[in-house]
Structures are given as C-alpha cells and as structure tokens.
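Number of protein chains: 2
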Amino acid sequence: MATIKQVAKLAGVSVATVSRVLNDSGYVQADTRKKVEEAIKQLDFIPNEVARSLFKKESRLVGLLLPDITNPFFPELARGIEDELQKEGYYLLFGNSDEKLEKELNYIQTFVKNNVVGLISATNLADKSNYEHLSLPIVFLDRGPECEYSVFSDGKEGGRIAARELIKRGSEKITVLKGPSHVLPAQERFQGTIEVLGQSNVDFQVISTTSFSFLEAKAWAKEIFEKYPDTDGIIASNDITASAILHEALQQGKAIPDELQIIGYDDIQQSSLLFPSLSTIRQPIYEMGKEAARVLISLIKGEMIEQSQIKLAVSFVDRNTTRKAKE
Amino acid sequence: MATIKQVAKLAGVSVATVSRVLNDSGYVQADTRKKVEEAIKQLDFIPNEVARSLFKKESRLVGLLLPDITNPFFPELARGIEDELQKEGYYLLFGNSDEKLEKELNYIQTFVKNNVVGLISATNLADKSNYEHLSLPIVFLDRGPECEYSVFSDGKEGGRIAARELIKRGSEKITVLKGPSHVLPAQERFQGTIEVLGQSNVDFQVISTTSFSFLEAKAWAKEIFEKYPDTDGIIASNDITASAILHEALQQGKAIPDELQIIGYDDIQQSSLLFPSLSTIRQPIYEMGKEAARVLISLIKGEMIEQSQIKLAVSFVDRNTTRKAKE
Chain A
1 MATIKQVAKL AGVSVATVSR VLNDSGYVQA DTRKKVEEAI KQLDFIPNEV ARSLFKKESR
61 LVGLLLPDIT NPFFPELARG IEDELQKEGY YLLFGNSDEK LEKELNYIQT FVKNNVVGLI
121 SATNLADKSN YEHLSLPIVF LDRGPECEYS VFSDGKEGGR IAARELIKRG SEKITVLKGP
181 SHVLPAQERF QGTIEVLGQS NVDFQVISTT SFSFLEAKAW AKEIFEKYPD TDGIIASNDI
241 TASAILHEAL QQGKAIPDEL QIIGYDDIQQ SSLLFPSLST IRQPIYEMGK EAARVLISLI
301 KGEMIEQSQI KLAVSFVDRN TTRKAKE
Chain B
1 MATIKQVAKL AGVSVATVSR VLNDSGYVQA DTRKKVEEAI KQLDFIPNEV ARSLFKKESR
61 LVGLLLPDIT NPFFPELARG IEDELQKEGY YLLFGNSDEK LEKELNYIQT FVKNNVVGLI
121 SATNLADKSN YEHLSLPIVF LDRGPECEYS VFSDGKEGGR IAARELIKRG SEKITVLKGP
181 SHVLPAQERF QGTIEVLGQS NVDFQVISTT SFSFLEAKAW AKEIFEKYPD TDGIIASNDI
241 TASAILHEAL QQGKAIPDEL QIIGYDDIQQ SSLLFPSLST IRQPIYEMGK EAARVLISLI
301 KGEMIEQSQI KLAVSFVDRN TTRKAKE
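Residue numbers (full-length UniProt numbering), protein chains in the order written: chain A, 1 to 327; chain B, 1 to 327.
Heads up, a few of these hints could be off.
List time: in silico BS3-like cross-link candidates among lysine-lysine, alpha-carbon distance up to 30 Å [to be verified]:
| id | chain 1 | residue 1 | chain 2 | residue 2 |
| --- | --- | --- | --- | --- |
| 1 | A | Lys-5 | B | Lys-9 |
| 2 | B | Lys-5 | B | Lys-100 |
| 3 | B | Lys-100 | A | Lys-218 |
| 4 | B | Lys-324 | A | Lys-113 |
| 5 | A | Lys-222 | B | Lys-324 |
| 6 | A | Lys-9 | B | Lys-41 |
| 7 | B | Lys-301 | B | Lys-324 |
| 8 | A | Lys-41 | B | Lys-113 |
| 9 | B | Lys-5 | A | Lys-301 |
| 10 | B | Lys-41 | B | Lys-324 |
| 11 | A | Lys-254 | B | Lys-301 |
| 12 | B | Lys-100 | A | Lys-9 |
| 13 | B | Lys-5 | A | Lys-218 |
| 14 | B | Lys-100 | A | Lys-301 |
| 15 | A | Lys-41 | B | Lys-9 |
| 16 | A | Lys-324 | B | Lys-222 |
| 17 | A | Lys-35 | B | Lys-103 |
| 18 | B | Lys-301 | A | Lys-324 |
| 19 | B | Lys-5 | A | Lys-5 |
Quick list of simulated restraints, FRET-style, between CB atoms [claimed, not checked]:
| id | chain 1 | residue 1 | chain 2 | residue 2 | range |
| --- | --- | --- | --- | --- | --- |
| 20 | A | Gln-109 | B | Lys-113 | 21 to 27 Å |
| 21 | B | Glu-223 | A | Val-202 | 39 to 45 Å |
| 22 | B | Lys-100 | A | Glu-287 | 19 to 25 Å |
| 23 | A | Glu-148 | B | Ser-298 | 40 to 46 Å |
| 24 | B | Leu-101 | A | Asp-31 | 28 to 34 Å |
| 25 | A | Ser-200 | B | Gln-252 | 47 to 53 Å |
| 26 | B | Gly-26 | A | Glu-306 | 42 to 48 Å |
| 27 | B | Val-112 | A | Asp-31 | 47 to 53 Å |
| 28 | B | Asp-203 | A | Val-202 | 53 to 59 Å |
| 29 | A | Leu-101 | B | Val-112 | 48 to 54 Å |
Since the hints were derived computationally from the structure, they do not count as laboratory data. By construction, the Cβ of each residue, glycine as well, lies at the ideal position given by its N, Cα and C atoms.
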C-alpha cells in the first residue's frame with residue numbers, strides 16, 4: 001500500500017501539499033494539483049477511510065446559517081430544510097449568526113472545516129466578501145434575486161397586498177412599520193406598501209423599527225398610539241410586531257377591527273391563536289425551506305438547475321383583525 | 001513513516017481493528033486495544049491529519065436531538081445550548097426526531113459517524129436500548145433524574161403551583177389537560193397538579209390530550225367547553241394549548257379572568273403578547289439549554305461533575321388570565 005509520503009516524493013511536492021489536494025483545502029496551483037493527481041493514480045494510492053471520504057467529497061453535512069432560531073419564522077424554515085435534506089441522506093450543521101458579521105464568518109469557517117458539501121444561508125450580509133471565495137454550493141434563503149442561487153418569497157407584492165387590503169377595507173389613516181433597514185425582505189415589503197399607498201388617496205405615516213425582537217415590539221406598539229392616536233389601520237413588519245400592536249390596542253380599549261385594522265406579515269403558527277385572530281400576509285415558510293434544500297441537493301449532485309432564483313408567491317390571510325371588504 | 005498495515009501486522013490484528021481503535025468506534029477487546037496501542041507507539045505511527053484529529057478526539061461537533069424545533073419551547077432551548085457551546089468552540093449537528101424511534105436512531109447513528117464528541121438529547125425514548133451502547137458523553141435534557149446526566153426543571157412542583165394558584169384565586173370547578181402520556185415532563189406536571197387538587201375541596205375533571213400541536217390544541221379547546229361548559233379554571237399542559245383555550249373562551253364570550261381563569265405552562269415568549277396576557281408556570285428554558293451544554297462540556301473535558309442531575313426551579317408568572325389572589 002502506497003503512503004502519502006511516496007505520493008509526495010513522486011510528485012515532487014511536500015506531504016502538506018498532497019494533503020491539501022486530498023482535502024481540497026487551501027490553495028494549490030493547477031499544475032501542482034495535476035502532478036499530485038497523477039502520482040496518486042500511478043501509485044494506486046488509497047487514503048484511509050476518512051481521508052477517502054474527503055477525497056471523494058462524500059461528507060453528507062450541510063451547513064445552515066440563520067439569524068436567530070428563537071424568531072418563530074426560522075424554526076419553520078429550518079424544518080422545511082431538514083425534512084427535505086433527510087430524505088436524501090444529508091444532515092445539518094447549524095448556527096445562529098445574530099446578524100453579526102464576526103459570528104457569521106466564524107460559522108462559515110467551521111462549516112468548511114467540517115467538510116460540509118453545501119451551505120444554506122439566510123443572511124443580510126451576502127454582499128460582503130465572506131461568500132465570494134467559497135468553492136462549495138451555496139443557496140441563499142429569504143433573499144432577493146441578486147444572489148446566484150436563492151429562494152425567497154415575493155416581498156414587494158406582499159407589501160402591495162397588505163396596503164391594498166387595508167384600503168379596500170376602509171382604513172384612511174394608515175400607519176406603516178418600516179421594519180429593520182438591514183433586513184432586505186422587510187425593505188422589499190416596505191417598498192411595495194409605500195408604492196400602493198403613494199398611489200392611493202389615503203393618509204399614511206411611517207414608523208422606523210430596528211429589529212424583530214419581542215421586547216422592542218412592545219415599545220413600538222406604545223409609540224404608535226402616542227404619535228398617531230387616531231390611526232385606523234396598521235401594517236406591521238411581521239406577525240410578532242403585529243401581536244404586540246394588537247395587545248397594546250386591546251389594552252387601550254380600541255375596537256378591533258371596527259375602529260382599527262391590523263395586518264401582519266409571515267403567518268407564523270401562533271397568529272391564528274390570537275384573539276381576534278390575526279389577518280396577515282402568508283409566506284410559504286416551510287415550502288421555502290424545502291425549495292432551498294432541493295436546489296442545494298441538485299447543486300451538490302451536479303444536476304441541471306432549471307431555475308436558479310426561486311420566488312414563491314405570498315397571499316392574504318383574511319382573519320379577524322381586518323373588516324369584510326367593501327364590494 | 002509507518003502505515004496502518006504495518007501497525008496491524010505488528011499487533012497481529014486486522015487493519016479494520018486498528019481503524020476501530022483509532023476511531024474509537026465499534027467493539028474492541030481491552031487486550032487487543034492494548035496490543036494495537038503498543039504497536040502504534042513502537043512504530044511511531046502517525047495517522048494522517050484527519051485520522052489524527054479522530055485519534056485525539058479533536059472533533060468539535062456536538063449532536064443535538066430535539067422532538068420538533070417548530071414547537072416554540074425548543075428554539076429557546078437550542079439557543080441556550082448553542083450560546084454556551086460556542087463560547088467553548090463547539091458546534092451543533094442538529095436533528096428533529098418527531099419522537100419517532102426510527103428517526104431518533106438514524107440521527108444518533110449519523111452523529112456518531114460524524115465523530116461528535118458528545119450528545120444532548122431531549123427524548124422520551126431514553127429507556128430504549130438506543131443510548132446504552134454509546135461510548136460518548138450524553139446529557140439528557142428536559143428529562144427526569146433516572147438518567148445519569150440530565151438537566152430538567154421541577155415539573156412536579158410546577159404542576160402543584162398551577163393547582164395552588166388557581167385554588168387560591170377562587171376557581172372551584174377546575175379542568176386539567178393531562179398532556180401527552182409519552183411526554184414525561186408533561187406527566188410529572190400532571191401528577192403534581194392532581195396531588196394538590198386531590199387534597200383540596202374543589203371539583204376537578206381531567207381531559208387527556210395526545211400532542212402539543214397547534215391544530216389539535218384548537219380541537220381540545222372546543223371539547224373542553226362542550227364537555228364542561230361551566231368550568232371556572234383551566235390548567236393547560238403548555239402555553240400553546242393555553243393560547244388555543246383562551247382563543248376559544250373569548251370566542252364564546254367568556255369573561256377572562258372573572259368568569260374563567262386559565263393557566264399555561266412554559267412561559268414561551270409569545271405568551272406575554274396574548275390579550276389578556278397569559279398567566280403561566282415559567283420554565284427557565286434558555287438556562288436549561290445552557291446548563292445542559294455546561295455539563296456536556298465538562299464531560300467532554302473529563303472534568304469533575306459536581307452534580308449529575310440538575311433540577312431547575314419553576315415559578316408562577318402572574319399575568320392577566322388569573323385573578324388577584326385572595327388574602
């Protein structure tokens with residue numbers, strides 16, 4: 001049985017270089033790589049079991065990077081990804097980035113070190129250099145079409161629908177929560193909403209918010225009613241924010257939906273359990289996760305990808321924080 | 001440089017046996033292991049880089065098995081685990097078992113194949129043979145003291161508190177949701193509740209439930225009010241079930257908490273956003289995750305474990321689905 005040392009000697013390179021070729025890690029010049037591969041072939045070199053799996057890229061691990069699993073949007077997404085990956089025998093290495101560049105880079109490095117065969121990332125930092133130099137398949141999730149492979153839902157149309165439904169149902173002084181400026185899907189929704197409101201005859205005002213956290217949502221809810229006590233329609237940036245607003249509105253004795261209509265975004269599972277149950281824009285969250293996994297598996301297998309950017313449709317869920325539409 | 005073949009020859013065993021010793025996988029007799037280790041020493045055998053990391057057990061991966069990440073209890077738990085592991089440079093391989101034995105076994109196998117250095121499992125199947133033969137550190141989470149290393153909260157006391165608080169606040173016809181019979185923490189709570197109710201003078205009735213799912217919770221909520229329309233206090237098996245009951249009660253026009261008191265279990269983040277906000281028994285979910293990670297890291301490092309079973313305290317969160325306590 002040939003050793004890695006013999007391979008290195010024949011190829012005229014160091015053992016470390018052979019190891020880099022075997023592991024496909026670090027930089028190796030093309031002609032050096034060729035020499036090593038020829039020596040491996042000539043000596044019929046078989047690396048040991050673990051090294052062989054690396055050589056053949058047989059790892060079954062996929063890295064998954066999410067902003068924060070405690071935001072109820074993401075567990076459903078993760079579940080869709082996992083269910084699809086598991087069917088094909090792939091498994092998840094998982095990390096929360098907290099939308100911090102350092103954490104994100106740290107996780108990407110860890111995933112690569114552990115020989116993941118692909119990466120799914122729900123990130124707002126994709127334009128940074130952290131993804132450019134990676135030589136493995138990557139699918140961006142919940143992100144726009146500027147990425148090579150991405151799965152997202154139609155945020156702009158979702159924002160338009162929210163505005164149209166509130167106007168159609170008679171709100172005339174609408175308050176829009178802008179959503180965190182660094183979260184791209186939130187900004188798409190906001191643009192869609194503003195587009196429709198701008199073309200309409202209703203008054204509207206915008207409140208900027210900086211996160212999707214539970215605690216801050218409560219503070220914004222209070223702020224809305226202090227600043228705009230007579231608003232009769234609120235477009236929230238997600239369902240958690242909408243829940244906090246609904247809570248505050250009921251606390252203040254407002255009649256929902258007669259006096260005030262509220263519309264959320266996402267349709268997380270809890271929204272139908274609120275009372276009154278929350279009208280919202282539904283993203284097909286679980287399906288988005290499944291689609292991302294499907295695209296990634298195709299990339300890993302080297303299959304043809306028919307569509308590299310997959311945009312899923314959103315829809316209005318007509319529950320009880322909005323009134324019946326006028327004919 | 002010695003090869004694995006030479007090690008096997010000197011030790012008088014097969015290459016596969018040497019590999020098992022190196023990878024610490026599969027069964028190897030103690031004296032065989034000794035022979036192999038002596039041969040390795042004598043020949044100054046250095047496995048290649050990847051094999052060496054296995055030999056030294058340098059993998060930084062920890063397996064995490066949860067029933068279902070879309071149940072809002074578990075993302076908080078996972079977050080606590082991850083935050084603690086990350087501080088020490090460990091990373092998560094993650095799977096949902098759906099409480100199915102086959103899935104659970106499949107994931108355990110995958111974790112072991114990927115050389116995890118430890119395992120955290122929130123399982124209701126720990127008494128099965130699936131964990132016995134594993135030779136790596138395991139911490140059971142959200143499970144009772146029958147396991148060697150476990151972190152859980154005081155479910156029995158939580159169940160007692162829920163019953164005491166409802167009685168103290170004047171409920172006289174209490175309905176108890178039993179919770180899924182295969183979920184051990186749910187059964188502990190139930191036992192605690194029944195213990196207190198049994199010693200009291202109030203009437204009570206029990207409804208059996210089979211899962212913690214959103215959809216089924218709605219059905220049970222309806223069932224309660226059909227069977228026991230005049231119940232004036234409900235002890236739910238978790239916050240999701242309590243949310244569904246609150247929704248149904250408000251739908252039926254019941255005055256909460258004057259006519260009917262409701263108490264949940266868990267204190268997931270959403271519970272404070274309900275209206276009226278949900279009174280509940282708080283489990284320190286995030287802290288439970290952190291504790292489990294701490295115990296596991298100590299086990300991995302071979303440190304002394306002061307306490308192998310960690311029971312965290314629970315507490316009553318007095319919100320607006322319960323009345324003020326009588327003096």
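Here's how the hints hold up against the structure:
1. A:Lys-5 / B:Lys-9: The hint holds at about 20 Å.
2. B:Lys-5 / B:Lys-100: violated, 41 Å
3. B:Lys-100 / A:Lys-218: violated, 38 Å
4. B:Lys-324 / A:Lys-113: This hinted pair is violated, its Cα atoms lying about 56 Å apart.
5. A:Lys-222 / B:Lys-324: holds, 25 Å
6. A:Lys-9 / B:Lys-41: Given that 30 Å is the threshold and the Cα spacing comes to 25 Å, the pair holds.
7. B:Lys-301 / B:Lys-324: violated, 49 Å
8. A:Lys-41 / B:Lys-113: holds, 28 Å
9. B:Lys-5 / A:Lys-301: Between Lys-5 (chain B) and Lys-301 (chain A) the Cα gap is close to 34 Å, so the pair fails against 30 Å, i.e. violated.
10. B:Lys-41 / B:Lys-324: Between Lys-41 (chain B) and Lys-324 (chain B) the Cα gap is close to 73 Å, so the pair fails against 30 Å, i.e. violated.
11. A:Lys-254 / B:Lys-301: violated, 57 Å
12. B:Lys-100 / A:Lys-9: Judged against 30 Å, a Cα distance of about 52 Å means the pair is violated.
13. B:Lys-5 / A:Lys-218: violated, 66 Å
14. B:Lys-100 / A:Lys-301: holds, 29 Å
15. A:Lys-41 / B:Lys-9: Satisfied, since the Cα-Cα distance of roughly 26 Å is no more than 30 Å.
16. A:Lys-324 / B:Lys-222: holds, 25 Å
17. A:Lys-35 / B:Lys-103: Violated, at roughly 45 Å.
18. B:Lys-301 / A:Lys-324: Not satisfied, since the Cα-Cα distance of roughly 62 Å exceeds 30 Å.
19. B:Lys-5 / A:Lys-5: Measuring from Cα to Cα gives roughly 15 Å; hence the hint holds.
20. A:Gln-109 / B:Lys-113: 21 to 27 Å: holds, 22 Å
21. B:Glu-223 / A:Val-202: 39 to 45 Å: Between Glu-223 (chain B) and Val-202 (chain A), where Cβ atoms are some 44 Å apart, the hint holds.
22. B:Lys-100 / A:Glu-287: 19 to 25 Å: holds, 22 Å
23. A:Glu-148 / B:Ser-298: 40 to 46 Å: Once the Cβ atoms are compared, 44 Å apart, the range 40 to 46 Å for Ser-298 (chain B) and Glu-148 (chain A) holds.
24. B:Leu-101 / A:Asp-31: 28 to 34 Å: Since the Cβ atoms of Leu-101 (chain B) and Asp-31 (chain A) sit about 53 Å apart, the hinted range of 28 to 34 Å is violated.
25. A:Ser-200 / B:Gln-252: 47 to 53 Å: violated, 38 Å
26. B:Gly-26 / A:Glu-306: 42 to 48 Å: holds, 44 Å
27. B:Val-112 / A:Asp-31: 47 to 53 Å: violated, 40 Å
28. B:Asp-203 / A:Val-202: 53 to 59 Å: At 54 Å between Cβs, range holds.
29. A:Leu-101 / B:Val-112: 48 to 54 Å: violated, 34 Å
Figure legend: structure checked against the earlier numbered hints; hints not met, in rising order: 2, 3, 4, 7, 9, 10, 11, 12, 13, 17, 18, 24, 25, 27, 29.
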